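Given next are the chains, with one letter for each unit.
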Amino acid sequence: MLRFLLRRVALALVTLWVLSVIIFLASHALPGDVGRRILGPFADPRAVATLDHSLGVDRPLLVQYLTWIGGFVHGDLGMSLSFHVPVSQLLLRGLGNSVKLAAVAFVIVVPLSIFGGIVAALRRGRLLDRIITVGGLSATAMPEFVTSIVLILVLSISLKVLPISVQVPPDADPLTQIYHLILPSLPLVLVLFGYIARITRAGMIEALESDYTRTAVLKGLPWRTVVIRHVLRNALMPTIAVVATQTGYLIGGLVVIETMFNYQGIGQLLFTAVSQKDFPLIQAGVMTVGIVYLGATLLADISYSLLNPRIRLAGRE
Amino acid sequence: MSAVISFPRLETAASARRQAWTERLRLALRTPSLLVGAAVVLFWILCAIFAAKIAPYDPLQPDILHKLLPPSAAHRFGTDGLGRDVLSRVIFGSRGILVAAPLATLLGTVGGTAIGLVAGYFRGLVEEVLMRITDAFLALPTIVTALLVLAAVGGSTTTVILVIGLGFAPIIARTVRAAVLSEAQLEYVEAAKLRQERAPYVMFVEILPNVMGPVLVEFTVRLGYAVFAIATLSFLGFGIPPPAPDWGLTIAEQYTYLIANLWWPVLFPALAIASVVIAVNLFADGLSQVLER
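Residue numbers (the working numbering), protein chains in the order written: chain A, 1 to 317; chain B, 1001 to 1293.
Hints were generated in silico from the structure; no laboratory data involved.
Predicted model, so just to flag it, every value in this text is computed and none were measured.
Partner residues aside, some chain B positions facing chain A, computed with beta carbon under 8 Å: (1) Ile1143; (2) Leu1150; (3) Phe1228; (4) Ile1251; (5) Leu1258; (6) Ile1259; (7) Asn1261; (8) Trp1263; (9) Ala1274; (10) Ile1278.
Note that CB positions come from ideal geometry on N, CA and C, so glycine has one too.
Build the full structure now, drawing on both the sequences and the hints.
This is the structure in structure tokens:
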């Protein structure tokens, strides 16, 4: 068990290191120099050289990489070129806001999609199953800005049940804040619903067809007990892994949603950084996205192995 | 000598494979989701080809005096904020995405298949290095990878295609590698190795045809995501520049009118994207049903 955990953590760290190299190379080694890109094609070459020097991009690549990653490890992410404040300050605030939005989305989608997947599996091949499966597939494939438009039109403009604006007074009570976050979280809910429901359905069907379920039915247990005690316990394990890997997708979705609704999270921050060519912010922002994803999958793997006796007890005998 | 021995074996394998594909085609014609998806995609392809003949107006011609008119007989989908005909813009808008999405997916599939074949065939250090790099890429959502590169090289249709292809390659590489791992255990691969065939021959001539099924399914599934990603990038302003009638770009431009309940310049391109995305996914779903039966 301990060996499994150590191996898993080591693997995540190696992946993170490779990621840092990719991010660094993508923003540094690509054609054209940084100062020129920031100041534009008509800037004075001397101004470009001065900017390059003050940014430190005229030093050898390896030195630049070591300086950057060294700072990163110590929590020094540099200054943002467009906001003129430390990058870490921006990212922390953005991450906090994004977590709020993502939490609202997860609180809505996780019970809903697990329930949907269970219902679909129990009604396999019937109309309800087809509606959940095909509907989920279509919702999953839809870009967030497309579903946002339909949701804004229906829920905010026609029915007027949800506010279109995410801007609430800073002293508003938590319930008002959550109320304003429901509309922007719904497009994310739609995308995630299909994934989670599909995996839950597949896990349920596998468990329903297993020998232990048949044994449980044949020894005369009530159907409700069979489903809750025998099927669900085994069926929901793959779902945990999927919920965690979806955090990666989620941040991609946040870029669109936060830009559309003008919500100051990490997605909007990344978008602004890219539009403004704010390289310190881009590098640190993308790196943060990678860390969040790897951390989430690591947590999922660990909780999965704790729940699964086949992994938890492996190597004991 | 080896050619004489292997020739008849190759011939029977090829004809058996051909027979299997004919059987699959017959199945495909009886899969409703595949047919519906194909029909809608075909509809948009025809729109893109004959746009100039079908569209009632010039998609780029502004007409300020007739801006933001609701749908009517003269303008079936209404006019946008500059008085351009929304229907004509939706018809012409199909062109960008119908070219970019398949190209990006093809690029990602070819690259990913090559990486997956090499990683699955050689194992050992080569595999370990390739898989760590794919893992690192997989830690980022495609949109974020795209933003990272687009920040450095600037947005255009070509870079968007390249970037989406680059983002897809690791995902496809994973699937292909898994398929290759199980194929590489089989006897025909052993036989080819004993015949002292070169590694590229074994990979691309012997193994590749047998993993074509997963590769095809992955291609169609990724095609759906390519539409998703490219539309999203052009919505964010990293694709074709204005005044092109591109759907994602149009929605970004006309989005502010939505608040005033002027829904038609935004809703129709949104529905167009939705129809393409659903069609491609129905097609992918149907295809995987046919190939996995």
